[in-house]
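For the protein sequence lines, the chains are A and B, in the order given.
Just so you know, we're using numbering that gives the first Met the number 0 here: the first sequence kicks off at 0 and counts up by one.
Just so you know, we're using numbering that gives the first Met the number 0 here: the second sequence kicks off at 0 and counts up by one.
There's no promise every hint is true.
Unchecked claim - Computed cross-link-like contacts, BS3-like style, restricted to lysine-lysine with a CA-CA straight-line distance of at most 27 Å:
| hint | chain 1 | residue 1 | chain 2 | residue 2 |
| --- | --- | --- | --- | --- |
| 1 | B | Lys248 | A | Lys277 |
| 2 | B | Lys248 | A | Lys218 |
| 3 | A | Lys159 | B | Lys297 |
| 4 | B | Lys248 | B | Lys234 |
| 5 | B | Lys47 | B | Lys66 |
| 6 | A | Lys159 | B | Lys83 |
| 7 | A | Lys228 | A | Lys37 |
| 8 | B | Lys234 | A | Lys281 |
| 9 | A | Lys101 | B | Lys5 |
| 10 | B | Lys300 | A | Lys281 |
| 11 | A | Lys277 | A | Lys159 |
| 12 | B | Lys15 | A | Lys101 |
| 13 | B | Lys66 | B | Lys51 |
| 14 | A | Lys159 | A | Lys281 |
| 15 | A | Lys159 | B | Lys248 |
| 16 | A | Lys159 | B | Lys300 |
| 17 | B | Lys51 | A | Lys281 |
| 18 | A | Lys228 | B | Lys248 |
| 19 | B | Lys83 | B | Lys248 |
| 20 | A | Lys159 | A | Lys101 |
| 21 | A | Lys228 | A | Lys218 |
| 22 | B | Lys15 | B | Lys66 |
| 23 | B | Lys5 | B | Lys15 |
No wet-lab data here; the hints were simulated from the structure.
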Amino acid sequence: MPKNRLFDTLNVMFISIFSILCTLPLILIFIVSFTDEKMIQMNGYQLLPEKFSFEAYNLLLFGNTPLYQSYFISILITVIGTTIAVLITGLAGYTLSSMHIKYRNQLAMFFFITMVFNTGIVPWYLISSGLGLQNTIWALIIPSMLFNPFNLFLVRNYMKQIPNTLTEAARIDGANDIYIAFRICFPLSLPVLATITLFYGIGYWNNWFNAIMLVDNEKLYPLQYLLFKLNSEISMIQQMQSMMNTSPTTVLPSESVKMATAILTIGPIVLFYPFLQKYFIKGLLIGSVKE
Amino acid sequence: MNEARKRDSIFRELQKNFTAYILVLPAAVYTIIFGYLTMPYMLIAFQKFNYKTGIFGSPWIGFDNFKFFFSSSRAWQITFNTIKLNLLFIVFGTLVALILAILFNELRSRLFSKITQSTILFPHFLSWVVVSYILYSIFSTDYGIANRTLTSLNLSSVNWYSSPEYWTAILVGSSVWKDIGISLVIYLAAITGIDGSYYEAGRIDGANRWQLIRHITIPLLFPTIIILSLLALGKIMYGSFDMIYAIVKDNGLLYPTTDVIDTYVFRSLRNIGNPAQAMAIGLYQAVVGFILVYGSNKIVKKINPDNALF
Numbered sequence: 000m001p002k003n004r005l006f007d008t009l010n011v012m013f014i015s016i017f018s019i020l021c022t023l024p025l026i027l028i029f030i031v032s033f034t035d036e037k038m039i040q041m042n043g044y045q046l047l048p049e050k051f052s053f054e055a056y057n058l059l060l061f062g063n064t065p066l067y068q069s070y071f072i073s074i075l076i077t078v079i080g081t082t083i084a085v086l087i088t089g090l091a092g093y094t095l096s097s098m099h100i101k102y103r104n105q106l107a108m109f110f111f112i113t114m115v116f117n118t119g120i121v122p123w124y125l126i127s128s129g130l131g132l133q134n135t136i137w138a139l140i141i142p143s144m145l146f147n148p149f150n151l152f153l154v155r156n157y158m159k160q161i162p163n164t165l166t167e168a169a170r171i172d173g174a175n176d177i178y179i180a181f182r183i184c185f186p187l188s189l190p191v192l193a194t195i196t197l198f199y200g201i202g203y204w205n206n207w208f209n210a211i212m213l214v215d216n217e218k219l220y221p222l223q224y225l226l227f228k229l230n231s232e233i234s235m236i237q238q239m240q241s242m243m244n245t246s247p248t249t250v251l252p253s254e255s256v257k258m259a260t261a262i263l264t265i266g267p268i269v270l271f272y273p274f275l276q277k278y279f280i281k282g283l284l285i286g287s288v289k290e
Numbered sequence: 000m001n002e003a004r005k006r007d008s009i010f011r012e013l014q015k016n017f018t019a020y021i022l023v024l025p026a027a028v029y030t031i032i033f034g035y036l037t038m039p040y041m042l043i044a045f046q047k048f049n050y051k052t053g054i055f056g057s058p059w060i061g062f063d064n065f066k067f068f069f070s071s072s073r074a075w076q077i078t079f080n081t082i083k084l085n086l087l088f089i090v091f092g093t094l095v096a097l098i099l100a101i102l103f104n105e106l107r108s109r110l111f112s113k114i115t116q117s118t119i120l121f122p123h124f125l126s127w128v129v130v131s132y133i134l135y136s137i138f139s140t141d142y143g144i145a146n147r148t149l150t151s152l153n154l155s156s157v158n159w160y161s162s163p164e165y166w167t168a169i170l171v172g173s174s175v176w177k178d179i180g181i182s183l184v185i186y187l188a189a190i191t192g193i194d195g196s197y198y199e200a201g202r203i204d205g206a207n208r209w210q211l212i213r214h215i216t217i218p219l220l221f222p223t224i225i226i227l228s229l230l231a232l233g234k235i236m237y238g239s240f241d242m243i244y245a246i247v248k249d250n251g252l253l254y255p256t257t258d259v260i261d262t263y264v265f266r267s268l269r270n271i272g273n274p275a276q277a278m279a280i281g282l283y284q285a286v287v288g289f290i291l292v293y294g295s296n297k298i299v300k301k302i303n304p305d306n307a308l309f
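Okay, chain B solo, but in the shape it has when bound (with noise of 0.2 Å):
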């Protein structure tokens, strides 16, 4: 009865309503396709997948495909680079973009504030193939910045793309340089929306500049910070793929510390053709991703109920 009922309200509502609902069609369409039909094919993880066959058809194996993932030392060392690519990005990415939003909104000119932002936010709007080639133009081994001029300090040239030990650093710095315009706005909308009167009985009680940035500014401040930095660590399971595959490619030297899950997988289900065990992997991280940004969120709930995603 009470279902019959529910179930003639719905009909009423689309009925009476029938255009709009058309006009939200679209946009359901595709998130079912590329939505919640992508759900099923997880499953593919447990199986010896098969092309022809397909997810009906093929065997169940139940935890092989994981098992032969974990047994081996790169999954260890792929879930390590992609936590700590991704917090070194959180942390230098925070650390710079609040020291520059402070020096920012300390400046008087307007117009110098706002040529400068200019140029610190234009590298956002490339993309990361771009950023490849800047990357090729300063540590290329033969023609590159780097070792043109380690030469003409008589220091030895160093083969940049065979020493994964530097592109930690370097993958930092990319990460830092391309990204870090957008902090930048939104630590300075921040600090803008900070209620000016703090500042000024600040000044009557005769703070100086930097008293009034360490007690002020820094402290309502933390909210946003605290926020943003758990917001990124809900995606810290997944490592740029666009940024590491532009930059990286399949130069193996580099892997042991740039290999990230998602480079990973792409090389699983592409290179080595095997889609049933590059979803064991990517489930894997789905379901340690999902964990995060849950929980990240349950903490940034509790702190400012505004902020949270859901």
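Looking at chain A on its own, in the form it has when it is part of the complex (with noise of 0.2 Å):
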């Protein structure tokens, strides 16, 4: 059939071409940032620049910024936050999911009312510095990040398949909830605790948010507020060169290091991607599954 074989070739040219057109604007930056500052400001950023140049990661990595507190700043709210939030989610899952509970209905309606009825953020930000949030690690883990009902539901529905006949064995043998559910429940629902996990930690690592509402002290900018905030104040990346004590003569590398921490912040996703990608797939799938 050679016009099946017409069809296939065209097909995954098609594919090619668009996943490479996909990944092409990250290339772009990646290579914007290894790129010789005069050369961009001569023939701008370019795909494929005649001189390259390490300045704006000599800068960033061994230069006195404040990427290293921001990386600091952005690993601590990852790990901690996204420790808890998997904890309260999974705790909360089993208690949704077991079939003793007898207002496990109600209590899911409970959360769930919150899912849909949407305050917005001004009640949000008030609450949050009632709480005396403000300018504390804790403003960039508690609010909005900590706990989310979509993420319960899908543990939840994860549990429920698990046989009864297990947990109710050990029920029986004298077993209470803390321990069925830590040593019954999460082990056989690793894939969907892998899953929030996952969902959990890119919210923390990927979230701003909570720092343009919350956070005025630049020791406590995660990663991607100061990227955000490289973008738009120029002084930022002054004050690095001052810290570095050049010469005032040569050029600041101000383009490459604007890009360059942006390919420092992509690199753990990077880094993580195959683990992402593979219970990622797994947790769209399981839910758009309901029940």
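Reassemble the complex: the two chains are provided individually, in unrelated frames, and hints are given to aid placement.
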């Protein structure tokens, strides 16, 4: 069937081109981050620059930059936040999925209502600042990030499939709910727990909303917010420059520094991508199959 | 009598499964604080709110905040922009994902399919701030690829960041680019879920590949398409703040086509510092948003009860 063969070839070509086009913008900022600043000023951003330079990374990694501090903050909030969030969600999911809990459906409704009725950012802001979270590390961990009812329902639906006989047998043997949750339900729900770990983790890593709303202290800027500020405030780069004690005659690598910072924030995502992708797709497919 | 018995049974249930209810407590407390306790704050939309006196001490002013908002021309502009952008995101997102899913399904090599899916899904994991950098590298007036290409073709360069007319398309493009991978995965799963015997029957009847797609794949995907679109329609009043604010920031020149309710509310709250005004707009958004979620869910329920949210 030559016609079919032709279609297959065209199809493979089309999809190849499409996925290359999808990555091209990322490749562009990657290359710009290694481009000599003079070349950028002369020729603009290029996919094939004439001269490469490590100046931007040199400045970012070995200068006295806020990058390390922000990296530290981002890792801290991602690790602490994700750990607590997965624990809270997993435990609640256990209770909501347990057949012997009489009010499990009422509890589900209780969580569900807040999912549908969104009151917006104003009450959110007033409550978060009312709790005294402003300019603390908790401002980046607690509000809107620490628990998401959508993830709760993912966990509940998954745990519902665990055969009742397993948990009942343990209960008859005298095991309490904490034991059953940690020793029976969680080990059997590892895929869904991995999925929500990923959802929460990515959420924390990419979040800058909490920072823009609740944090003014530069020491607390997470990576994404530093990046956001870097693009609008060129003074930040000049600050770095002055800390480096470079002579004022050298060209300020402001464009390449911006792109290098962007690349450095993507780094961990690239590193974890195989894991991310696997459990993300699993989560999507669990999520789209309801009860 | 009945009441007392009911209370008694609640008490007994709590006592019997005390540990299990303790396990759900952290999530419940969180939901009370950041869910239910936010609701009374909506009332400040009817107040001249003062941070010092709080919700109990601020004077009530009726609908003044709403009047102020709806009498400005901005009200209609941001409502229009929010709905316009979301509709375009839905239409183009669905269309591109559908075409891609059908093409992906025809691929013979699983390895090739996996690798290309991975590439297309990747941008979803980036933050909008990173995406704003990418857009900047393309549209920056001095260094951007777009202008360099235009000048090399002897065309005059464009001041992208001060020309609002281009940004509807740019935003739709970025949204499709970033999130197409998810819809692709969902549609591809829906296609894989189609019973193989339909295709077998079609092939026996002598249908070619295009006919199989047209008369089997597309019609059987229709429920999925409608449900995903309706669920997205329910959220049409919520423009994603993350996206618009990361890309546009406080660039007033671009507001005519890019300013949405969420960014406007943000500015009223943070830049202008008027929470009551911001809440009035937020309340308008929440009420219309809720009606839309409720309405679209009702339609979804009619089509396929399993896919309804509630």
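Worksheet item: Does the structure break any of the earlier hints, and which numbers would those be?
Response: The structure conflicts with hints 1, 6, 15, 17, 22, although it agrees with all the remaining ones.
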